[in-house]
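K.L.:
The whole structure should be built from the sequences, with the hints applied where relevant.
Number of protein chains: 2
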Amino acid sequence: MNVEVCLTPALLPLYDIENSIVVVIDIFRATSSICYGIENGADAIIPVSHVEECAAYQVSGCLLAAERDGKVVEGFDFGNSPFSYVAEKVQGKTIVLTTTNGTHAIQLSRSAKQILIGSFFNLTALADYLASTSQNVLLVCAGWKNKFNLEDTIFAGAMVNKLRPAAYTPDDSSIAAEDLYLLAKDDLRGYLKKTSHSERLMKLGIEADISFCLNTDITTAIPVLDGDKLIKLK
Amino acid sequence: MNVEVCLTPALLPLYDIENSIVVVIDIFRATSSICYGIENGADAIIPVSHVEECAAYQVSGCLLAAERDGKVVEGFDFGNSPFSYVAEKVQGKTIVLTTTNGTHAIQLSRSAKQILIGSFFNLTALADYLASTSQNVLLVCAGWKNKFNLEDTIFAGAMVNKLRPAAYTPDDSSIAAEDLYLLAKDDLRGYLKKTSHSERLMKLGIEADISFCLNTDITTAIPVLDGDKLIKLK
Numbered sequence: 000m001n002v003e004v005c006l007t008p009a010l011l012p013l014y015d016i017e018n019s020i021v022v023v024i025d026i027f028r029a030t031s032s033i034c035y036g037i038e039n040g041a042d043a044i045i046p047v048s049h050v051e052e053c054a055a056y057q058v059s060g061c062l063l064a065a066e067r068d069g070k071v072v073e074g075f076d077f078g079n080s081p082f083s084y085v086a087e088k089v090q091g092k093t094i095v096l097t098t099t100n101g102t103h104a105i106q107l108s109r110s111a112k113q114i115l116i117g118s119f120f121n122l123t124a125l126a127d128y129l130a131s132t133s134q135n136v137l138l139v140c141a142g143w144k145n146k147f148n149l150e151d152t153i154f155a156g157a158m159v160n161k162l163r164p165a166a167y168t169p170d171d172s173s174i175a176a177e178d179l180y181l182l183a184k185d186d187l188r189g190y191l192k193k194t195s196h197s198e199r200l201m202k203l204g205i206e207a208d209i210s211f212c213l214n215t216d217i218t219t220a221i222p223v224l225d226g227d228k229l230i231k232l233k
Numbered sequence: 000m001n002v003e004v005c006l007t008p009a010l011l012p013l014y015d016i017e018n019s020i021v022v023v024i025d026i027f028r029a030t031s032s033i034c035y036g037i038e039n040g041a042d043a044i045i046p047v048s049h050v051e052e053c054a055a056y057q058v059s060g061c062l063l064a065a066e067r068d069g070k071v072v073e074g075f076d077f078g079n080s081p082f083s084y085v086a087e088k089v090q091g092k093t094i095v096l097t098t099t100n101g102t103h104a105i106q107l108s109r110s111a112k113q114i115l116i117g118s119f120f121n122l123t124a125l126a127d128y129l130a131s132t133s134q135n136v137l138l139v140c141a142g143w144k145n146k147f148n149l150e151d152t153i154f155a156g157a158m159v160n161k162l163r164p165a166a167y168t169p170d171d172s173s174i175a176a177e178d179l180y181l182l183a184k185d186d187l188r189g190y191l192k193k194t195s196h197s198e199r200l201m202k203l204g205i206e207a208d209i210s211f212c213l214n215t216d217i218t219t220a221i222p223v224l225d226g227d228k229l230i231k232l233k
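Heads up: the protein sequence lines correspond to chains A and B, in order. Numbering-wise (numbering that gives the first Met the number 0), the first sequence opens with residue 0 and increments by one. Numbering-wise (numbering that gives the first Met the number 0), the second sequence opens with residue 0 and increments by one.
Derived from the structure by calculation, the hints contain no laboratory data. Small disclaimer: the values here were computed from a predicted structure and weren't measured. Glycine included, every Cβ here is placed at the ideal spot set by N, Cα and C. Do not rely on the hints blindly, as some may be mistaken.
Derived lysine-lysine pairs resembling DSS-like cross-links, with alpha carbons at most 25 Å apart [claimed, not checked]: (1) B/K144 x A/K144; (2) B/K184 x A/K184; (3) B/K192 x A/K184.
Rough simulated footprint, nothing fancy, chain B against chain A, three-plus residues with beta-carbon under 8 Å [unchecked claim]: (4) 8-17; (5) 94-101; (6) 146-157; (7) 176-185.
Listing some non-contacts, in silico: residues in chain A with all C-beta distances to chain B over 10 Å [said to hold, decoys possible]: (8) A43; (9) V58; (10) L62; (11) Q113.
P.N.:
Okay, structure coming up:
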């Protein structure tokens, strides 16, 4: 079995998506929020790219999540903070989540055997599931506007590190991601402070979100794509 | 000033090439051989993608360099080993060099302010020149068939590390590349042994080339693209 890291969605055409299970990674904050919401009993989360698409669900009884410049868009139920995805708010609900980079990565991965959602929240549960399938794994970093980012890469590295004992063969980007993770793991928050995206998010006043998204193994649910919805893997 | 690392040529459309000096990096072995050849007195080196293109220069008095499966193609003067680019062979000559990944990276960078060739051989000389220009720097890893590779990334990281004192602002991929370089620098050969490309090259029986390409600061010439030719920067 191979484990490969696709460092940005722009590189997806180079990979054998059809013969892999894809894990989509968008740590700050889409895939963290999705893992948290599914763990906390949301029936489904529908990822969309634009606020306008999200608004189209307004009549259907879904909760709508959309932000612009770090603030909840007027008329919407909440933004992209994982703190919004608590049981009291999401249990039994379908949520439409606006996330440009995450949705882009999911759309480009559609031919995969299975599309799963990963974050530090469900790291071990997801690693255990992946190892149990004996399938090739492609870890897809959503990145930032198709560019490389450190937080997604470092999570990919954490997953590579977890999969090593199951005898996966890593590619060069998996080796790099794992080494960056090993370098950062004792102080993830400190390490990621030097990244451009963290800086951008800090300016939006969401330091608490960033810090929360770096908690490891606080959930066990694995979100899986089923049609256009992310639901809990049974 | 910014320093950015483009991890593979496939990501080049995302960068502001026009406002940058581009450094093309293909450590095993094209850009190492080019630096060595220009240092050793070659008049010019013309990079081409395919053996057929290279053969087209056969009538023009150029030296032709092309390999297939690690062996010099019949009828050609030499292959891609840097050991071929010694003064006795290349002084005063124009060499046509077949290099798929390197040529690809150069072609896609053509709109840059200037295109330079980097390798461990000319690391410090090139860093000093770059810092003297006060221009944005885009380090372009040639990679392997548009995929990420470790050796080019680690050299990019070495360059980022050299440019730091000149107050360049790094992007996330520059931070990652620099950290990987710092991790690897005390034993570059050992570190790169675990990469897929090294393994592939080992099978070709060119371990000596690989080891030689990791020598730092043995040359000072900076190859620059002038039309279709790489010549020595005056």
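K.L.:
Hint by hint, note whether the structure agrees.
P.N.:
Quick rundown of the hints versus the structure:
1. B/K144 x A/K144: holds (22 Å)
2. B/K184 x A/K184: Cα-Cα ~21 Å, so holds.
3. B/K192 x A/K184: The hint holds at about 24 Å.
4. 8-17: holds (count 3)
5. 94-101: Violated - the stretch 94-101 of chain A has 0 residues with a Cβ nearer than 8 Å to chain B, which falls short of three.
6. 146-157: Result for this restraint: holds, n = 5.
7. 176-185: Since 3 is at least three, the answer is holds.
8. A43: holds (32 Å)
9. V58: holds (37 Å)
10. L62: Non-interface label on A/L62 holds, nearest chain B Cβ at 32 Å vs cutoff 10 Å.
11. Q113: holds (23 Å)
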